[in-house]
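Chemist: The chain contents come next:
Protein chains: 2
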Amino acid sequence: MLTRPEPHTMSSTTHAQSVAVAEADDRNFTASLSRSAEIVDAVLQRALPQPAGLHGRIHEATRYAVFAGGKRLRPFLVLQSAGLFNAKPAGAARTAAAIEAVHTYSLVHDDLPCMDDDDLRRGRPTTHRAFDEATAVLAGDALLTIAFEILAHKSTHDSGEVRARLIARLAEAAGSNGMIGGQMIDMQAPSRAFGPDDVILLQCLKTGALFEYACEAGAILAETDDIEQERLRHYARDLGLAFQIADDLLDVTGTTEQLGKTAGKDVEQGKATLVSVYGLDGARKEATRLAGNAARLLDGYGDRAKLLKELPHFIVDRES
Amino acid sequence: MLTRPEPHTMSSTTHAQSVAVAEADDRNFTASLSRSAEIVDAVLQRALPQPAGLHGRIHEATRYAVFAGGKRLRPFLVLQSAGLFNAKPAGAARTAAAIEAVHTYSLVHDDLPCMDDDDLRRGRPTTHRAFDEATAVLAGDALLTIAFEILAHKSTHDSGEVRARLIARLAEAAGSNGMIGGQMIDMQAPSRAFGPDDVILLQCLKTGALFEYACEAGAILAETDDIEQERLRHYARDLGLAFQIADDLLDVTGTTEQLGKTAGKDVEQGKATLVSVYGLDGARKEATRLAGNAARLLDGYGDRAKLLKELPHFIVDRES
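So the sequence lines, in the order shown, correspond to chains A and B.
Per our numbering, residue 1 is the first one in the first sequence, and the count goes up by one each step.
Per our numbering, residue 1001 is the first one in the second sequence, and the count goes up by one each step.
Keep in mind that the hints were calculated from the coordinates and are not lab data.
Incorrect hints may have been included.
As a list, the in silico DSBU-like pairs of lysine-lysine whose alpha-carbon atoms are at most 35 Å apart [to be verified]: (1) Lys1271/B x Lys1088/B; (2) Lys1271/B x Lys88/A; (3) Lys1306/B x Lys1154/B; (4) Lys154/A x Lys1271/B; (5) Lys88/A x Lys271/A; (6) Lys1154/B x Lys154/A.
Excised from the complex, chain A in its bound form:
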């Protein structure tokens, strides 16, 4: 009997074990995310000018915005997708730094008084609160500009063609038919009635486009074929929507302290969110469905895709 525990006991043990495994997975996952952040921060430390001279303030402001302890999710996507295809780590790290610069610039500009008017970001005063509006506009501009400088440099990839393709695709993803277009729709949201498809388009542009690029970039660096690049983009589309739903849910259910940014802003500003489209429960279900979809797309890649397959679930379950 000792060798055969009661069904209830067995079930408990198995449950405890699986919780332990899940926690260990979570720790591994979190450790891997931190490691990505260190790698990309090291590149950004070297790439961003040190404050000096009469215009030192602009360098201070860009560094303030960038080194604020973000999750570095997009860099993680670049590094992992590059790993999937054995692209060189150094080039992947630089590409990840470029995308994080673009992401940070978009936060700095979106937080401006004339946009979302946010005082808090990543638990600290936003750049225009810590400096001033003019400096924040210029810091955003500088971060967008340096992203392309980082990609254009020879150390990103031996081939000029590959660097030019990385640049062209980043510009598309971040441009007026990508991320900027999404923010443009978002700014009009309070005054216009948007249907569910409109809200999904908004999010696909505002968040999805840069997620797609982050995943595709690894494939571009490794010079894979178009099919691989499209599969990674598809993964990123599902992941991006799941991420955005989770973000919208957190805006409703989270606290400002938890989030490091002002909670409840979407409802307050009358923003069109995916929670307003699906409802609270519907949104949770849709996020879980999208996360599962995304993970399954990478079934064929074996162990190398382990973290990319865990990420969608991590994103949906996150609390900040």
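Guided by the hints, dock chain B onto chain A, whose structure is given.
Modeler: Relative to chain A, chain B alone:
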């Protein structure tokens, strides 16, 4: 006696003739400037998305900012410097379009209420007045982004290496140690005492960096050696300072109607200008000296450099 006019008469005739030649030169020059504008506008018409969809407003705003009838001086510099080295016209036109997009973005952001707070630009309401501040910030962002997309595209140059170099140098010239750095200094100018060297540094960054790039770009497109590229940059440095002095002079002496932008803003805002460094007469002399210097740098290029050699004088003598 009929064949030999009085000295006084002869002198008059010669003067009249030389005025006529100068006027014909001016006409040729102005026609050539217009032709450059047509070439670069045709590229920008194709490259900038047409307003469509939920985010059509961003495309409207970028087009509003770009197609406002600017002088297109920087495109002229690219096309002429490309002509100097026989670079392909199509690639030069695209490079010129990219630089004009960057220049226009800088005007849109500089005109914002939190920066220079200008209501008028190129004789029309500034972008944030015609649309709103958020749209103007995003339109600037979109123009900066598309500049790199235009350069990265294969039709700019067959070689990916050349495209990547064009991009790297544009990012440097427009970045926080270039144009953006200059604007950062300018924003601090009213509250800090700047010496002559500081004002010259400000202008070299704010205006000079993009002028330098515009001239250097032709040499990069033609894959010339570093000496040619440095000579073009030197020409551009002198030209840029002469241009800025003329601009500062016009701000003092011109009318708002003449300039198409608000006159007298520099003094009103306590800006550090080159007129405040040199005084009115000194500034005129310095502009003329720099114009002569710039022109002489191109003595070795023969007829191909004719317009580039005329440009400094045209810039110093302009009335708007």
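Chemist: Decide, hint by hint, whether the structure agrees.
Modeler: Verification of the supplied hints:
1. With a CA separation close to 41 Å, the supplied pair Lys1271/B and Lys1088/B exceeds the 35 Å bound.
2. Our distance criterion of 35 Å between C-alpha atoms is broken by Lys1271/B and Lys88/A, whose separation comes to about 49 Å.
3. Note on Lys1306/B and Lys1154/B: the hinted pairing holds, with a Cα-Cα distance of about 31 Å set against a maximum of 35 Å.
4. With a C-alpha separation of about 40 Å, the suggested pair Lys154/A and Lys1271/B falls outside the 35 Å cut-off, and the hint is violated.
5. Distance restraint check for Lys88/A and Lys271/A: the Cα-Cα separation of roughly 41 Å exceeds the 35 Å cut-off, and the hinted pair is therefore not satisfied.
6. At roughly 18 Å between alpha-carbon atoms, Lys1154/B and Lys154/A fall within 35 Å of each other, so this suggested pair holds.
Of the numbered hints stated above, those contradicted by the structure are hints 1, 2, 4 and 5, listed in ascending order.
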